[in-house]
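Here is how the chains run, residue by residue.
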Amino acid sequence: MLKVIQILLVEDDNLDVIDVGRTLDKMAILYKMEVARNGEEAVRILSEKTAAGSELPDFIILDINMPKMNGFEFLDALRSRDEWKDLKVFVLTTSGEKEDRLAAKGLGVAGYIVKPLKLNNPVSNDAFNLMIDLMNMRG
Amino acid sequence: METDHIRTRRFEPLPETGSDLCQLHVGHPFIRDHLPNLMDWRNLNNMKISYTILAGFFSILLLFVTTTFINYRQSERINENSEALTRSSTILKHSNRFQRNVLNMVSGLRGYLLTNEPFFIQAYDSAMHENDDILHELSELIPDSSAQGSMLAEISALNTHWSTEFGKPLIEARRSAGGSDSSMAAFNKLYRAKMVTGIEKNINRSLQNKFREFSNYEYASREAQRAGLTASIRNTRRISFFLTVLSIIAGIGIAIFLANYISSGVVKMVHMAESISQGHYKVSMRATGKDELSSLARALNNMAGVLAENISLLKRKNDELDQFAYIVAHDLKAPLRGIDNVVTWIEEDHTTELSPKVTEYLGLIKGRIKRAENLLNGILSYSRVGRELQQRETVDVNQLIEEVRESLPPHSGIQLEVQTVLPVLQTEKLPLLQVFTNLITNAYKYHDKPQGYVKVYFKHLGPTYEFYVEDNGPGIAQEYHRKIFTIFQTLEERDSFESTGVGLAIVKKILDDRKLSIRVQSEPGQGATFIFTWRANE
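Line order of the protein sequences matches chains A and B.
With our numbering, letter number 35 in the first sequence gets 35, and the count goes up by one each step, no holes.
With the second sequence counted from 1, adding 1000 to any position gets you our numbering.
Possibly wrong hints are sitting among the right ones.
Stated by the list, open to error - Here are the computed lysine to aspartate or glutamate pairs in the EDC-like style, where the Cα-Cα straight-line distance is at most 16 Å: (1) K26(A) to E1172(B); (2) K1333(B) to D13(A); (3) K1194(B) to E1172(B).
What the hints assert, rightly or not - Some chain B residues well away from chain A (every beta-carbon gap over 12 Å; in silico): (4) A1185; (5) V1342; (6) S1517.
Hints are computed from structural coordinates only; laboratory data are not their basis.
For every residue, glycine included, the Cβ atom is placed at its ideal position computed from N, Cα and C.
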């Protein structure tokens, strides 16, 4: 029995949205994905879900550079509410942008996904493995 | 470190303190020890140096003129004195002669009166004539108004009195006494009246006394004059010695002062100029006087100020440009990557739907994307040169070249030949590695022969090393020798992926930043040798 994992993708670049979807497809991950164009929109979606008492996403895939509310600000917002504190967040970063990764460290993120998405990137693989584990309802 | 210390002591900081500014505090030992000195000098130096030199020269000249004048005056006095001496001897000689003549006249008169021999009368006459001449000459030598003059007048009167009252009447009487007894009796009477009464003798004695007095007076005045002369000679000697010493001291003093002042000023300026040439632009020197050196120092300060301003502006602009290049290159990479993604997706997902032409065109797009990415990476690394601070460490160039060798493409036919012992330096490792990597990689990349070599060797030139990277590849025409160091200048075809024209530009930038140089020796078909300098120890 496989679980369809719920993903909230916070990303303003359509191209990256497609990229994430294609990669998840390639890895044969069963998922349902909602897309927020920026941090603000993501907060709104989460608030609506919380208010309605519906299921919160299993994973949030978060871009850093976004208009209105960027990734770091969104992480702050996430940590400020008890219901959202334990949500697993993967940060989308450009390869080589160590600064982003370092800055996100200590913010308690679950892992990183390196753009452009590759199937055998060791950094991204950790994140995908977590997803596959959840899909297979392991761990 | 040592030279730094010396240099910084020479200057005071500008009001705005910068990181590269030479530091000098008021409490600094140099300032504390030398400030009073400098202050004194400043007061003196409100006069122009040329005026100081002229004033010094004229004061010394004045002292010498004074000395010469005094000596001239002295020689005049000596001259006057010797003239006076001559005159005095003449006077004394005349005086003695006169006294002797008086004795001759007296004895001549007596002899004649007693013997009536004309021989005596001749002696009498010649003595009398001579005395007349002497009196005449003396009256010319001695002014009438003087004490001697009145003495002489008295002598003259006594002499006349004696000859008119006694000499002449007695001789007349004796001459005529030969004729008759009456005349003989008259003579005898007259003789008794004139001679035997002793009046004549008294007159004669007083004449003699007068002359003695006259001579004594002359001796005394002569003695006084001699004493005055001796004193004046001593005085003159003392004054000329004093003035000469004074002018020598003044001359030496002025010379030392000027030499010191000028040379210390010039030395300060030289140090400042050296400082500037070593890249410390924010320096200034004390320039408060009104003299030429202070003007020059002020002009130098102004120049250094303008230079510092322009240099810092230039540095800022350069940094901005690097920053700008970095941001542009960085931000351009994202959309480029997006395009690349999309093309990849088309190739991956829609291969079957594509005509061969579209596939070929997609290939061209991918090629250009790769090239654009290479160029952007080139700009990124170029703008990054010098942004990161490098630590100095012990760098064994032999090991460095081995590191480069490991990163070389496996180009079977080309041999990397390295001089057996390359130096070990105390320097920044990464920039040097980058320079060697770019030069050696270039030599490999553009090598056009199946068999060839790349040689690395060095020469020790004083404080710097010259490193040589020599190949026997295609060589570079003279006209490109400068161009190859500008960014994006490549001698390869445009669509060659590997050739972005950044490698040599980076090498040049690394060396320029460190005020080092690179040059190339090459002819087409003759291979190329790149020669760059690197400091032996920093």
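**Request:** Taking the numbered hints from earlier one at a time, note which ones the structure violates and give those numbers from smallest to largest.
**Result:** 1, 5
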